[in-house]
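Novice: Please build the complete structure, drawing on both the sequences and the hints.
Order-wise, the sequence lines are chains B and H.
Be aware that the first sequence starts at 1, since it is given in our numbering, and climbs by one per residue.
Be aware that the second sequence starts at 1001, since it is given in our numbering, and climbs by one per residue.
None of these hints come from the bench; they were simulated from the model.
Computed from a prediction, not measured in an experiment: that's the story for all the values here.
Just so you know, even glycine gets a beta-carbon here, dropped at the ideal spot from N, CA and C.
Just to be clear, a hint being listed does not mean it is correct.
[Unchecked claim] Example chain B residues on the side facing chain H (calculated, C-beta under 7 Å, incomplete): (1) R281; (2) H286; (3) Y317; (4) L390.
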Amino acid sequence: MDLRYSDAEQAFRSSLRAWLEKTLPDLPDKPSPDDWPGRRAYDTHWQRLLFDAGYAGVDWPVEGGGRGASPVEELIFKEELERAHAPYVGVNFVGLLHAGPTVIAEGTPEQRARFLPPILRGDEVWCQGFSEPNAGSDLASMRTRAVRDGDDYVISGQKIWTSHAEVADYCELLVRTGPEDSRHRGISWLILPMDTPGVDIRPLHTIAGSTEFAELFLDEVRVPVANRVGEENDGWRVTMVTLSFERGTAFVGDLLEAIELLTASVELARRTGAWADPATRRQAGHLKAELDALWALTKRNVSQAARTGVPGVGGTYFKLAYSETRHKLGEFSLALLDRAGLSAHDIEGTDGLGLLPAGTMVEDWLRGISLTIAAGTSQIQRNIVGERILGLPKEPQTAKAPAKTTATSGVTG
Amino acid sequence: MDFEVSEFEAELAGGIRRLCEGRFPLDTIRSRESTDHAIDRDGWRELGDAGVFHLCLAEEAGGVGLGLAEAALVFEELGRALIPGPLVASHLAAGLIDGADDGSVVVGLVERPAPGAVGTGVLPVVVEHLADLDVLLVLSDQGIERLDPATLDATPLPRPMDPLTPVWALSTLPVGEPVADAEIAAWWRRDGAVLTAALQVGMAQLACDLAVEYAKGRVQFGRPIGGFQAVKHICSDMAVRAEVARIAVQAAAVTVDQPDVGDAVLAAAGAKLLADEAAVTNGRSSIQVHGGMGFTWEVPVHLAYKRARVLATTFGTADALAEELADSLAGA
Chain B
1 MDLRYSDAEQ
11 AFRSSLRAWL
21 EKTLPDLPDK
31 PSPDDWPGRR
41 AYDTHWQRLL
51 FDAGYAGVDW
61 PVEGGGRGAS
71 PVEELIFKEE
81 LERAHAPYVG
91 VNFVGLLHAG
101 PTVIAEGTPE
111 QRARFLPPIL
121 RGDEVWCQGF
131 SEPNAGSDLA
141 SMRTRAVRDG
151 DDYVISGQKI
161 WTSHAEVADY
171 CELLVRTGPE
181 DSRHRGISWL
191 ILPMDTPGVD
201 IRPLHTIAGS
211 TEFAELFLDE
221 VRVPVANRVG
231 EENDGWRVTM
241 VTLSFERGTA
251 FVGDLLEAIE
261 LLTASVELAR
271 RTGAWADPAT
281 RRQAGHLKAE
291 LDALWALTKR
301 NVSQAARTGV
311 PGVGGTYFKL
321 AYSETRHKLG
331 EFSLALLDRA
341 GLSAHDIEGT
351 DGLGLLPAGT
361 MVEDWLRGIS
371 LTIAAGTSQI
381 QRNIVGERIL
391 GLPKEPQTAK
401 APAKTTATSG
411 VTG
Chain H
1001 MDFEVSEFEA
1011 ELAGGIRRLC
1021 EGRFPLDTIR
1031 SRESTDHAID
1041 RDGWRELGDA
1051 GVFHLCLAEE
1061 AGGVGLGLAE
1071 AALVFEELGR
1081 ALIPGPLVAS
1091 HLAAGLIDGA
1101 DDGSVVVGLV
1111 ERPAPGAVGT
1121 GVLPVVVEHL
1131 ADLDVLLVLS
1141 DQGIERLDPA
1151 TLDATPLPRP
1161 MDPLTPVWAL
1171 STLPVGEPVA
1181 DAEIAAWWRR
1191 DGAVLTAALQ
1201 VGMAQLACDL
1211 AVEYAKGRVQ
1221 FGRPIGGFQA
1231 VKHICSDMAV
1241 RAEVARIAVQ
1251 AAAVTVDQPD
1261 VGDAVLAAAG
1271 AKLLADEAAV
1281 TNGRSSIQVH
1291 GGMGFTWEVP
1301 VHLAYKRARV
1311 LATTFGTADA
1321 LAEELADSLA
1331 GA
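Specialist: Next comes the structure, spelled out in structure tokens:
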């Protein structure tokens, strides 16, 4: 076990840090959270800057046009970006983290040449059409239907939780090409151009009042068969392959942000006087222990990925533990705000020392609620730990289902 | 940076596991339950021969010269096997007390209560394993003192909470011969917290393993109870808790060995806090999974739970550790 960074890793960190110091001050002002065209422009501009500096697709393999960095370098990359408060991946999320890696692994040479460079350059934005209103944790029961008609598929159905649909150029779409009850064995992975006739987008407001989610209604939408990635009915495997690109770094930015939030909460507690209460101090100390342990667990997971090339079981452990810690942190900061937390708006303190960070904290507490739900609910994760790691008996399968449950069912966006 | 357990480290831990399974099976350990002598002196020397006590002692001093990272892996195995006795104290004492390193001398440790400490006013000093100790060390912020256990005015306490940790009450804790200064006392506290936390990870894992085994075999409503989510999810949470604590302990141990990577004292405090919690919570959860059988003396899960309670009182209690971590956040 070695926590020291090699000379090469430290050199990577220094040059990245130098580039960030030079680049970040010249970024334009951040657009307002609901200005989607503005956000697209901002996020894709940032992606272009990364591309020009050689940092686009830092974790993508070289043959896909990426940098081919090691998992440890990827960890350093995400750590430095977060510490420097660089822009988030934002609307480029699906393209860079999901659709792109899928096309690299399973696409034809033509598909790779057509779709990968625009993702890396920030020219094209992707969204994800996986979950359906009746297919969440049980994703394999999805029903959006694609019927062959000559060189096209004709698609009808409905998708949900399609983040950034309004500003996306393409959607990675899972469709049912097999019989109705074919579950995992009758799904195909398609590239859907979002300007195709019959695609209707309805925004879905989140509990935090934000507008990144959308529902996608598909009414006889025609997609060329050439846009299929992988074989017909092999889309489930195609989707799972992408997950092997995950190298334990998915929550690096999030975790470091939580550590900053704890620091901000302690500052707030000292201003309000709550810090004099041992119960407050102990809660803060406990949260620090948990967050430090999760940072160490991230390093363990990344180290395993570096050795074996695939993510270990640590990712599931991480998500279960992290989502609980994040909830506690949200509750902690909200309690400190007392009634100043009744609005998600920074409010002037009466001590004359400036604003109290109610905006960030309330917002964060609200967003944190999604952590035990998104990308596989904690209940699904506990089934995975119980059945796949501890070897406990499986849930009884009531559907007419081939019981080919995988670790990733329920991982949707 | 490669924070994976190396092949050598895994082999070391595996060797200790095999030693424990072969030489200290649960039945053998349990044969000393509720006696004044929970420690098997021959066994203690065999642990010494295996390097348990002199693992971190420099090679020129007759030790193995390994780091705390390796010791933490070894101690997790000792915890998992429920080996009774002052393992941590005897390990720390190697090089300071003759014979501690090879297990020929059993060294115990007790904290001298700080004068005026809140909430300890009327409580006597309680010493573990006194009848088996050759040397008792007293740890305080000022340093470490040495006492001869035979000279102490000690009352054996009936019905010890952990039947494998017999305890005595001292009417007074005399001043002993000084054997180490405040600086050494501070690193004993740090390393002692890490190694005790490692034992606790073993406890947390044992509790989880026992629960999983039971949940696979116990049939109710026509199927193994581990198939029900209500039970399965308790087990999953136990596994997560043990793993997060394990990583915290290993990171703290590596930080002691590689001081440039972080603050080892804080890492040790965080590790002990999480490992105590994992051991105690998993012990309680495991009893729940065992149902009525978990409330019996026969099923060993109570031993893991009770040992976790014993260890949680040493090298920093939850509140003190949390406050120590909080002070670091406030820049105090």
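Novice: A separate judgement is required for each hint: does it hold in the structure or not?
Specialist: Right, here's what the structure says about each hint:
1. R281: 4 Å, holds
2. H286: Interface hint status for B:H286: holds (5 Å vs cutoff 7 Å).
3. Y317: Constraint on B:Y317 satisfied, holds at 5 Å.
4. L390: 5 Å, holds
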